[in-house]
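Asks: In order, the protein sequence lines correspond to chains A and B.
The numbering used here runs 2 ahead of the 1-based position in the first sequence.
The numbering used here runs 56 ahead of the 1-based position in the second sequence.
Among the clues, some could well be false.
As a list, the in silico SDA-like pairs of lysine to any residue whose alpha-carbon atoms are at most 25 Å apart [unchecked claim]:
#, chain 1, residue 1, chain 2, residue 2
1, A, Lys235, B, Phe283
2, B, Lys428, A, Lys235
3, B, Lys375, A, Arg202
4, A, Lys235, B, Glu401
5, A, Lys206, B, Leu370
6, A, Lys235, B, Glu335
Hints in this document: simulated from the structure, not taken from any laboratory.
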Amino acid sequence: MAKLSLNLKISIVASLLFCLSVNFLSGNNLYYALLNSILLATSIIFSLSATKKVPFILVLSLSLIPLLSYVPTSKTLYLNIFIYILLLSIVIKCTKHKYFFTILGLIVLFLGNVLSNNLVNENLSTNPERFIWNVPETNQAITDYQRSSFYTIYRLRLFIYNKGIYFYSFLTSIAGLFSLRNIYDTILLANIYPLALGIRSAIKNHNTFINKVMLLGIIVMLFGTGISKSPDKFATLFPAVPIFIYLVITGFQNINRMIYYLLFIFSLFLATSPV
Amino acid sequence: MKKRRSIIFIIALVTILTRFVGLDKVPPHLSNDEISIAYDAYSISETLRDEHNHFMPISFESHGTHKAPLTIYLTSLSIKLLGNSDFSARLPSAIFGSLTVLVLGSLVYLLSSNMSLSLVSGGVLAISPWHIYTSRMALETNVALFFLASAIYLFFLAENRKKDILFLPSFLAFSLSMYAYHTEWGLTPLIIIVLGLIYRKNLMRKKAYFIGLLIFVLTVIPLLTNFINNLGTNARANTEFLLTQDSLKDQLSLQQGNYTRQGQIILSRFVATYSSYIEPDKIFFASPNLLPKTNPFQAGLILAPFLPAFLFGLFGIKKHFKNHAPFIYLWLFICPVVPALTVGEQQVVRNLPFLLPALLVTAVGCCQFYKKFGNNKTAIGSYSFLILVSFFYFSIIYYYHYPIESGVNFQYGYKQIAEYIKPRYGNFDKIVIDPIFGEGYVYTGVPHLYIPYYTALDPRYLQERGKNVLCGNCFDKYEIRSIDWENEPVSEKTLYVVPDSNKPSDVEKNQLNVIYEVYLPNRKPAFAIYEKI
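Throw the hints in and build the complete structure from the sequences for me.
Replies: Below is the structure:
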């Protein structure tokens, strides 16, 4: 904090206050409002490793992210995310044991994801019925098609219709998460624009270690989504808040401000709709 | 040059094979919408009047709403030439669908001067499940897509190659696209506005552009007049518009007088519907129109391996299309606008125009991949293999499983009933057909269109059925009404056609003899035909 400029300090305090207000307006209690606000502030501080510019409009926009007014089913999840942010910060600051901390961070992120989606309980027991594999309808369809696809011989049918179809369901589940509606419901319509540019920039500059870490984080998040039978958009994306904020902040450096302002006004108009 | 010709030949072959082979068998039966088009086309081809006795209408009354006219008039030609069959009803759509592949390839070459990109675009469209699906059905949207694509192609030919005279056929094609399907009522004017704004500097100096515009306005006036005359009726624009949705009306009524709140509600609904039309899981993995949702063997509207190409392509448009990039982005953005203004769940036919810019972006992504990994034969081979596997799975789902499992959705059985009746028509005085069908006796079919179409009954019978006051849907020997066996006086020389879910009880069975049974493609019983013992 000591190295932060006055403007950045003001931005971070403003983000805390905005986020608190939004949480109170959403009906969250002080406990969750504080945790969500601290999550935003720490994510912004972590993102400052990539850029020193966090304009006021972006602070305002990030505070309004619906994900930051979300109340997760498990309080442990906050601890999980804060550990993840800490590990990410260590990865950036340290030159030694980078890979160890990265892998540890990814494990923590994955745990957060499966915990959030109720695939795993707090006592680390699993809920098999929530996983994408072993769905009775899928198994039945495989057997039916193996039996009834008379256009080819039985041996080939066993090869064509097999449990590999679960991988297709896994990909479908991931793609389902990335509908425009799911994204603007969770991170606000205006932020889709800098997020897309942030991801693009991370892919383009994937040789930078932190970008690699971010992309791996996204892959882990996608994997967690894919293995869940019915992933909830908030529960799935919540553990990845630090990644989203980092990518939005980095992507913001390349945006057309006029388009962003228009999108922001449009987002406010939509977000305050009575339905 | 030889390699290029071979690729063009392969694309043409795939296009023709996927769209024409087994056209009368996949889908398994003419659907509700298809028979409506086919019957009106047949009626027009014989009498120049539609089912409801209107002379050469601009909008065809159908199933409580209205249909656009162009496809019906085009189909009347194929039916006149080839007779009443599934093949003749679907032929115009298959032809225009195949030609769209050629038009898209030519358009991409015109805009990018890149032959590889042009071939990839054509190839991707040729194997697009969305386009194969719509090309193999007698659907208006597919014909409209051809005219829209042709109009855009001719526009750029006129604008880029300085062949001003081509603005005239371009605007005529724009106009025809509006006569072909209702989505284009909104989309075509939007595209014309976007083109006019982007290329205004060049266009302002061209007289032919303004003449073309005038031709467009003049030719769509009859459509506009017809729309205004039908305001307040059940015309399609009045029944399918977003604001006619009951749930939305209820929400708006709660905010009466507060226009800002009402605006927010409408906008939220519009954005949500817009989003539903571009959901990646539905577009690339599991389209809502083939197998039931619980079945894991699904196919997207675009093959799944093209998703990464689409995402990468979004960032490569500027590089490949240079000055035309703004048009491509806007084309992609505005296509789902009109479907998003309509009610109901996502309808793949309404959003078909989105396919062209989406595939164009996908083709750009494929070319970017090739440029990046061209030297890595393993990467290119693996990606091509994935595309082939994906197309193989789509083919077995669409050409084999879909016809077997979707019989009920297509009202399967009415064609088979007609084929049974036709040679025995003289043996009966009356034919009673129960229009309810399916398990649970819940769906209402349209046998009053299927039977006359497949038996080639003189259309005048149906045109004059309104004159029969006692029986609303009776014509010639036919009575289309639900059968209540307990109160049905069973008569001699009468044929009773009922669904399997309305078979007579044991008491009535003593008087009746089942003379023919129709089974669905999945071998479940569909209909039975009875006569008095």
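Asks: Given the hint that lysine 235 of chain A pairs with phenylalanine 283 of chain B, does the C-alpha gap stay at or below 25 Å?
Replies: violated, 42 Å
Asks: Keeping to a limit of 25 Å between CA atoms, is the pair of lysine 206 of chain A and leucine 370 of chain B held or broken?
Replies: OK: lysine 206 of chain A and leucine 370 of chain B at ~14 Å, within 25 Å.
Asks: Lysine 235 of chain A and glutamate 335 of chain B were given as a pair; does the straight-line alpha-carbon distance stay at or below 25 Å?
Replies: holds, 14 Å
Asks: Does lysine 428 of chain B pair with lysine 235 of chain A here, judged by a C-alpha cut-off of 25 Å?
Replies: Distance of about 34 Å is beyond 25 Å: violated.
Asks: Run the distance test for lysine 235 of chain A versus glutamate 401 of chain B: straight-line Cα separation, threshold 25 Å.
Replies: Satisfied, since the Cα-Cα distance of roughly 21 Å is no more than 25 Å.
Asks: Straight-line Cα separation of lysine 375 of chain B and arginine 202 of chain A no greater than 25 Å?
Replies: With a Cα-Cα distance of about 16 Å, the restraint between lysine 375 of chain B and arginine 202 of chain A holds, given a limit of 25 Å.
The structure is inconsistent with the numbered hints 1 and 2, although it conforms to all the rest.
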